[in-house]
Amino acid sequence: MRGEFESLEFTMSFLKPENALKRAEDLIKVGQKQEALNTLQGLITSKRHRSWQNTHELIMFKYVELCVEMRKGQFARDGLIQYRSICQNVNVSSLEEVIKHFINLSTKKVTQACSEGQTLEQGIDVDDLEAYKRPEDLMMSYVSGEKGKDRSDWELVIPQFKFLWESYRIVLDILRNNSKFEAVYADQPDRPDLSSPESLQLYLRLDQLEIAAELELWKEAFRSAEDIHGLMCMSFHKSPSQKDMELIASAVVLSALSVPPYESNLELEQEKEINLRRANLLSRSSLLAELESEGVMSYAAQEVKDIYYLLEQTFLPSDLELKVTPLLNKISKVGGIASSILNVQLSTYVPELKKLATLRLLQQVSNEYQTMKIENLAGMIPFFDFSVVEKISVDAVKHKFLSMKIDHMKKVVIFGKKSLEADDLSGHLANFAEQLNVARQMICPPDRKQSKLELLLPSLLEAVDKEHKVHLARKSIIEKRKEDQEQRQLEMEQEKERIAEQAAEQMRLATEQNNQRIRQEIAEREHEKAEERRNAELILTKQLRKRQEMKNKWQKLATTLDYLERAKREEAAPFIEAAYQQRLVEEKILHEHNQLQEIELSKLRHAEDLNERKRFSRMAENKEIYKEIVVNRQQVEFNRLKSEREQEREKMRKLKYYLQLEEERQQKLHAEEEARKLEEAERKKKEEAERKAKLDEIYEKRRQREREIEEKAEKQKREALLGRPIEPALRPYEPPARRPLESGTAASSTSKAPAPGKYVPRFRRGGA
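Counting in the UniProt record's numbering, the sequence shown runs from 1 upward without gaps.
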């Protein structure tokens, strides 16, 4: 009978939600939190309590408190999902309050864990300044390799952070994909926007990366790293000054202009291989076009803009000395330090710009002239000597940018066509045939007859008449062809118009059909939605009616069970009171008996303690003697360790002082070595200048000697033409022996100065 009453009482605790809440609170008081959590979860997942009541919200508050305290994320997920199905059609705000309470509790737990970690570090009692750590702490630090704060964070803070992150994820998973919870979902934290000022802080992302790595949330860590990279790209040189923009843009434009205006013509196989290896081949024209399209030219300096338009668009040979030279002088003085570049000097582009201006001048001159004297051409180029111009022109001719020849004997430059193209080969062959015919007539002239003109006149008249008729026929054929072509073109245009009209008509019909289909689909969808709404309303009405009937049924059953419980307790009250009185009498007798036994045992223990004290009293003097011996021994050991520590500190101080002196000595030696190297470089530079001056002097003497020999040869040639006796031919010119240069090195003292532009073998460039 008693077992039946207990089973009935356990069942009644779940008939009302309030009873389950009270049962959970009682279990929490006795320390059984897991049983309390299981009790509340059983109530939430029970099919008997699917209709929402105000008590459900209090139960959920207690449920999420237990989940947060015990860090049961899966329990929290299951309970919130079940509670969402209970209240989503009745009271959405209740779920919102539960979720806010859940997030607030998780956040408070994290804050509490952080404060506990700090308190744990600050609250260490230091009794001995040299031994403030406990042995177990030292062993843990050496075994784990972690500091005290790192270990306390790992034990206290990091688990709470993990649970907070899991709480946010649980809440977002529960609220998504449901239109009724849009407001609640929007109120929850989501990924920060990079465009908001609060999140555009690099140190926040660095902290986020560090915390994600500590929590072992590697996906979040990778996202944080991507955000850091994006912020660094956005923040790099984000607010340059106008001067920096002008300097950088000028450098970019000049570097593009410095690219040679011709490309190296490789063999077809090599070019094909390069095209296969590289997807996009950069060229000078593409670089300049991209600069103009990106608007870089607008940021460049005015001198850079002027020289760009002069060299690329409106270049004239007369502009080289009048306009280009002053602009290059101005550009060579421009430079400075930009915010993102250490040093920008536009003078580095001046040599390449001079070469470009020289090529533009040669290109313009080749289009206007066929021949030009070398001295006139050299006078038009103020930048270089003619030897440098010759090197530039050879490179341009090699890459088929120019077509020119230099005749040093006649001292002229001959310009011609760039190359013999395949389609012009027949013309060159015809010219070659004409020249051969002229040469043949000069070698073997034909016989000239006086009556040749009379013989040719009749045939010429017939040929003229025939050619006139041919021209008239050709003209009529051309006119007919033009008419036929115009007729075909008109028919093609009419056909195109017809096809376009037909395509437009088909497009219009297709558009109308598509619009009609869309309208029909919209109407069908509206009809389906209306049917769904009506069905949902009917289902909801039936569910509400069933729930109301079930609620009334359970209320009647609860009333009946209350009556039964009251009757049971009224019947059991006399029996319980009699059993209670009988238990009091039995416990009183047992207590008196236990007290008598305790008194007897206390007397026996007291007598034994007195005998033990009398036996140990004779050892007190020996104890004091042993204590004094141990203390003296420890004092001697302490003094020895202290003296050793002082000696070690003195030794370290002397070693540190010696290392400092050695470092200063090394720095002094390094400075002296740098000064010696600088002096040696200056001396070598001076010797090189002296050697170059002597070479120039020898070269000038040689040129003068060659000029005298040419004048003598010209004089002998004129005398020979005038019939005077020819003097004996001069010996071939032998250059005078070069004197060894007086330089500091043995290699330069034995070498000869080579003529400029002449190839010298490697074994003759240095000394023996």
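Honestly, the hints are just simulated from the structure, not real lab data. Yeah, the Cβ is synthetic: ideal placement off N, Cα and C, and Gly gets one too. Misleading hints may appear alongside valid ones.
As the list claims (entries may be wrong) - Heads up, simulated BS3-like pairs for lysine-lysine below, C-alpha to C-alpha not over 27 Å straight-line: (1) K100 x K72; (2) K568 x K546; (3) K109 x K29; (4) K47 x K482; (5) K243 x K354.
What the hints assert, rightly or not - FRET-style restraints, in silico, Cβ to Cβ: (6) D385 x N431: 50 to 60 Å; (7) S332 x E673: 27 to 37 Å; (8) E35 x Q555: 22 to 32 Å; (9) K108 x A579: 19 to 29 Å.
Going down the list of hints, with the structure as the test:
1. For the hint pairing K100 with K72, the CA-to-CA distance comes to about 17 Å; that is within 27 Å, so the pair holds.
2. The straight-line distance between the Cα atoms of K568 and K546 is roughly 33 Å, outside the 27 Å bound, and the hint therefore fails.
3. Using a Cα cut-off of 27 Å, the hinted pair K109 and K29 holds, with the two alpha carbons roughly 21 Å apart.
4. The hinted pair formed by K47 and K482 fails the criterion: a straight-line CA distance of about 95 Å is larger than 27 Å.
5. Note on K243 and K354: the hinted pairing holds, with a Cα-Cα distance of about 25 Å set against a maximum of 27 Å.
6. Range check, D385 to N431: about 37 Å between beta-carbon atoms, so the 50 to 60 Å window is missed.
7. Judged by the Cβ atoms, the range 27 to 37 Å given for S332 and E673 holds: they are separated by roughly 35 Å.
8. Between E35 and Q555 the Cβ separation comes to about 29 Å, which falls inside the hinted range of 22 to 32 Å.
9. Checking the proposed 19 to 29 Å range against K108 and A579 shows it is violated: the Cβ atoms sit about 48 Å from each other.
Hints 2, 4, 6, 9 from the earlier list are contradicted by this structure; the remaining hints agree with it.
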